[in-house]
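Going line by line, the protein sequences match chains A and B. FYI, our numbering numbers position 182 of the first sequence as 182, with every residue one higher than the one before it. FYI, our numbering numbers position 84 of the second sequence as 84, with every residue one higher than the one before it.
Rather than coming from a laboratory, the hints here were simulated on the basis of the structure. Wrong hints could be hidden among the right ones.
Over 10 angstroms on every C-beta distance to chain B, these chain A residues come out as not near it, computed from the model [unchecked claim]:
| # | residue |
| --- | --- |
| 1 | Ala66 |
| 2 | Leu131 |
| 3 | Leu178 |
| 4 | Phe182 |
| 5 | Asp202 |
| 6 | Ile210 |
| 7 | Glu259 |
| 8 | Arg265 |
| 9 | Leu287 |
| 10 | Ser311 |
| 11 | Leu319 |
| 12 | Ala326 |
| 13 | Ala330 |
Facing chain A, according to a computed beta carbon distance under 7 angstroms, are these residues of chain B, among others [what the hints assert, rightly or not]:
| # | residue |
| --- | --- |
| 14 | Leu165 |
| 15 | Val227 |
| 16 | Ala229 |
| 17 | Leu233 |
| 18 | Gly234 |
| 19 | Ala238 |
| 20 | Leu266 |
| 21 | Gly307 |
Glycine included, every Cβ here is placed at the ideal spot set by N, Cα and C.
Okay, here's what each chain looks like letter by letter:
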Amino acid sequence: MAGSPHKGFPATGGPRTVLAYLIRRLFAVVIMVLVVLLATFTIFFMLPKWAGQDVAVLFAGKASGAEQLAGIRIKLGLDDPLLVQFWDFVKGIPMGRDYANGDDVTHCAAPCFGYSFRTEVPVWTTLKDALPVTGALAAGACVLWLLGGVATGVVSALRRGSIWDRAAMTTALGGVSLPIFFTGMVAMGLFVHNLGWVKIADNLSTDDGIGTWFQTLILPWIVLAFLNAAMYARLTRATMLEVLGEDYIRTARAKGLGEGTVITRHALRSAMTPILTVFGLDIGVLLGGAVLTESTFNLPGLGLAAVQAISNKDLPVILGVTLFAALAIAVANLVVDIMYAVIDPRVRLG
Amino acid sequence: MTAPLHEPTTEADPIATGGPAADSGVKKVEGRSLKQIAWKRLKQDKVALTGGIVVLVLIVVAVFAPLIVGLLGHPPNEFHQDQLDPLTNLPTGPLGGVSGDFLFGVEPNKGRDIFSRIVYGARISLLVAFLAAVVAVALGTLFGIIAGYFGGWVDAVISRVMDVLLSFPQLLFIISLVSVLPDDLLGLTGSGVRIAVLVAVIGFFGWPYVGRIVRGQTLSLREREYVEAARSLGGGRAHILFRELLPNLVAPITVYATLMIPTNILTEAALSFLGAGVRPPTASWGGMLRDALETYEHDPMFMVFPGVTIFITVLAFNLFGDGLRDALDPKGTR
Numbered sequence: 001m002a003g004s005p006h007k008g009f010p011a012t013g014g015p016r017t018v019l020a021y022l023i024r025r026l027f028a029v030v031i032m033v034l035v036v037l038l039a040t041f042t043i044f045f046m047l048p049k050w051a052g053q054d055v056a057v058l059f060a061g062k063a064s065g066a067e068q069l070a071g072i073r074i075k076l077g078l079d080d081p082l083l084v085q086f087w088d089f090v091k092g093i094p095m096g097r098d099y100a101n102g103d104d105v106t107h108c109a110a111p112c113f114g115y116s117f118r119t120e121v122p123v124w125t126t127l128k129d130a131l132p133v134t135g136a137l138a139a140g141a142c143v144l145w146l147l148g149g150v151a152t153g154v155v156s157a158l159r160r161g162s163i164w165d166r167a168a169m170t171t172a173l174g175g176v177s178l179p180i181f182f183t184g185m186v187a188m189g190l191f192v193h194n195l196g197w198v199k200i201a202d203n204l205s206t207d208d209g210i211g212t213w214f215q216t217l218i219l220p221w222i223v224l225a226f227l228n229a230a231m232y233a234r235l236t237r238a239t240m241l242e243v244l245g246e247d248y249i250r251t252a253r254a255k256g257l258g259e260g261t262v263i264t265r266h267a268l269r270s271a272m273t274p275i276l277t278v279f280g281l282d283i284g285v286l287l288g289g290a291v292l293t294e295s296t297f298n299l300p301g302l303g304l305a306a307v308q309a310i311s312n313k314d315l316p317v318i319l320g321v322t323l324f325a326a327l328a329i330a331v332a333n334l335v336v337d338i339m340y341a342v343i344d345p346r347v348r349l350g
Numbered sequence: 001m002t003a004p005l006h007e008p009t010t011e012a013d014p015i016a017t018g019g020p021a022a023d024s025g026v027k028k029v030e031g032r033s034l035k036q037i038a039w040k041r042l043k044q045d046k047v048a049l050t051g052g053i054v055v056l057v058l059i060v061v062a063v064f065a066p067l068i069v070g071l072l073g074h075p076p077n078e079f080h081q082d083q084l085d086p087l088t089n090l091p092t093g094p095l096g097g098v099s100g101d102f103l104f105g106v107e108p109n110k111g112r113d114i115f116s117r118i119v120y121g122a123r124i125s126l127l128v129a130f131l132a133a134v135v136a137v138a139l140g141t142l143f144g145i146i147a148g149y150f151g152g153w154v155d156a157v158i159s160r161v162m163d164v165l166l167s168f169p170q171l172l173f174i175i176s177l178v179s180v181l182p183d184d185l186l187g188l189t190g191s192g193v194r195i196a197v198l199v200a201v202i203g204f205f206g207w208p209y210v211g212r213i214v215r216g217q218t219l220s221l222r223e224r225e226y227v228e229a230a231r232s233l234g235g236g237r238a239h240i241l242f243r244e245l246l247p248n249l250v251a252p253i254t255v256y257a258t259l260m261i262p263t264n265i266l267t268e269a270a271l272s273f274l275g276a277g278v279r280p281p282t283a284s285w286g287g288m289l290r291d292a293l294e295t296y297e298h299d300p301m302f303m304v305f306p307g308v309t310i311f312i313t314v315l316a317f318n319l320f321g322d323g324l325r326d327a328l329d330p331k332g333t334r
């Protein structure tokens, strides 16, 4: 019904339904952001207390003296009512925050994602440096996995039962069963150390040329994309097979449209909707994968920052990364929702 | 129209000839339960059966780990410096020191028996994966059935919570939780705490996957006649939920639990790899890969053994779960 683009469809009510849809989605994102803030606050400020831990010790590290701890307790306002603490925590993100203990004031400029009392650096500084690496890693991998997965799935569906189809589906099952950090190590051992085809830079910064970035990221992209490309190939194959059996595809063919047009403009377009749905849910998985890939390839991204913070017991950094990642995912979900409106006429036209 | 669904018989159709099925000479038609049909199908699925056998072997290995290591290996935390090159700290033997004495070779730097550590690692891996699946299935079934049966605002709230949890960056939240909780909690100490925490958090983030399936199934089941019949006979809510609906949800829940275990194994390995799993020196597969990350250029075998073990384990569970799904669901969705 809704598969082919209707040029003559009445435009009345169109924009309004899109607007209503977007407002609904925006509302959902706001709720998600609230849940994320509450969850991180609970995990980092309430749960330890409930488990008998001193929050100040967690934030400062065990090595700090009693005086220092008392100072940090006041700076973080740990003795304030929970609601006040939560409000300060939330307000700091857009407004910045001053951790004050009398004259001793630690300033944390907006956006304040916390302050590492261990390294004496606002967490945002760490995040800002790590962000381009994770962003480039995630974006490249997700392009590769969507293109690779969807293309493989479409070809598998069209050549159903062929050797190509079976090979693709077997690889997909293998891909789902392989841990990213193992494939990463194997790929690195083979292509970097053994064959010497690519060189991975020890460090990545925005000053490095695009060639360095590309060389360093090409293996991580492929490794991170592989697992998900496999899953998307299976999913695309299943939906494509379903869609190709629909009446409107027969109609399109009967109209005398070329096979290419039927596949891309009619079948694939409606097959993309469920794929996009899964993609929206998988952004979190992508980020988790990025954390593992960064640790394997030693890429200085958000994930590596978090993992190093675990071994350094630098809690504010873990908090900052988690919070930032969760907020980024909420925004990414909104983007996916907008894509929905673009792809699916049922959303656009109500 | 009268196409025989089971086996074509040359005998006359008992209904057409008017005779009852019990007539001699006519094949007796027996009712088969879903369990019997599924088992018959599963037996014919060689791939799934192989997966199932591998899973069984792994469980046996995990349960009898001390016995197996006693027979074939060395204690998992015993150092064997004599197996290492004093200059490079790499195993002296070929292939990372593989020999009759050390079946999978020894670790570089520490010289611990890799075979024993893999066998003991199976305990952690399977224990966490199974228990987390139990937690996820319990929570998912409970909330899914409630959301599906009651509908309305209850469903709206539960569904929304599931959506939010599903799109969370789970790995980062689990890392956070593990790093915030103390080493001794509720009377547990040492790796016991970590295992309990891992089970709780992996299970907690897993329940929405089960919940969505159960909710969807309940939505369609609650409109069936037998539910209506139970209601008109005066069956209470609890009776309908747990006596009428739940038994019909067992098949999809079983399949989903089986398919959830491999995911949990990968999550546990990932957490151990990141340093948020069980504490060393307790052996875990992910932890071994983390150690291997430092030396794999020079001693790739230390990486290959745990990596391949994870792969085989996860693949076996996936194959078995897929087969189970096909066996229990004649239509084979997806």
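We went through each hint and held it up to the structure:
no. : hint   : in the structure
1   : Ala66  : holds (19 angstroms)
2   : Leu131 : holds (15 angstroms)
3   : Leu178 : violated (6 angstroms)
4   : Phe182 : violated (4 angstroms)
5   : Asp202 : holds (14 angstroms)
6   : Ile210 : holds (27 angstroms)
7   : Glu259 : holds (26 angstroms)
8   : Arg265 : holds (25 angstroms)
9   : Leu287 : violated (5 angstroms)
10  : Ser311 : violated (6 angstroms)
11  : Leu319 : violated (7 angstroms)
12  : Ala326 : violated (6 angstroms)
13  : Ala330 : violated (8 angstroms)
14  : Leu165 : violated (9 angstroms)
15  : Val227 : violated (29 angstroms)
16  : Ala229 : violated (34 angstroms)
17  : Leu233 : violated (40 angstroms)
18  : Gly234 : violated (40 angstroms)
19  : Ala238 : violated (31 angstroms)
20  : Leu266 : holds (6 angstroms)
21  : Gly307 : holds (4 angstroms)
In terms of the numbered hints stated before, the structure departs from hints 3, 4, 9, 10, 11, 12, 13, 14, 15, 16, 17, 18, 19, listed from lowest to highest.
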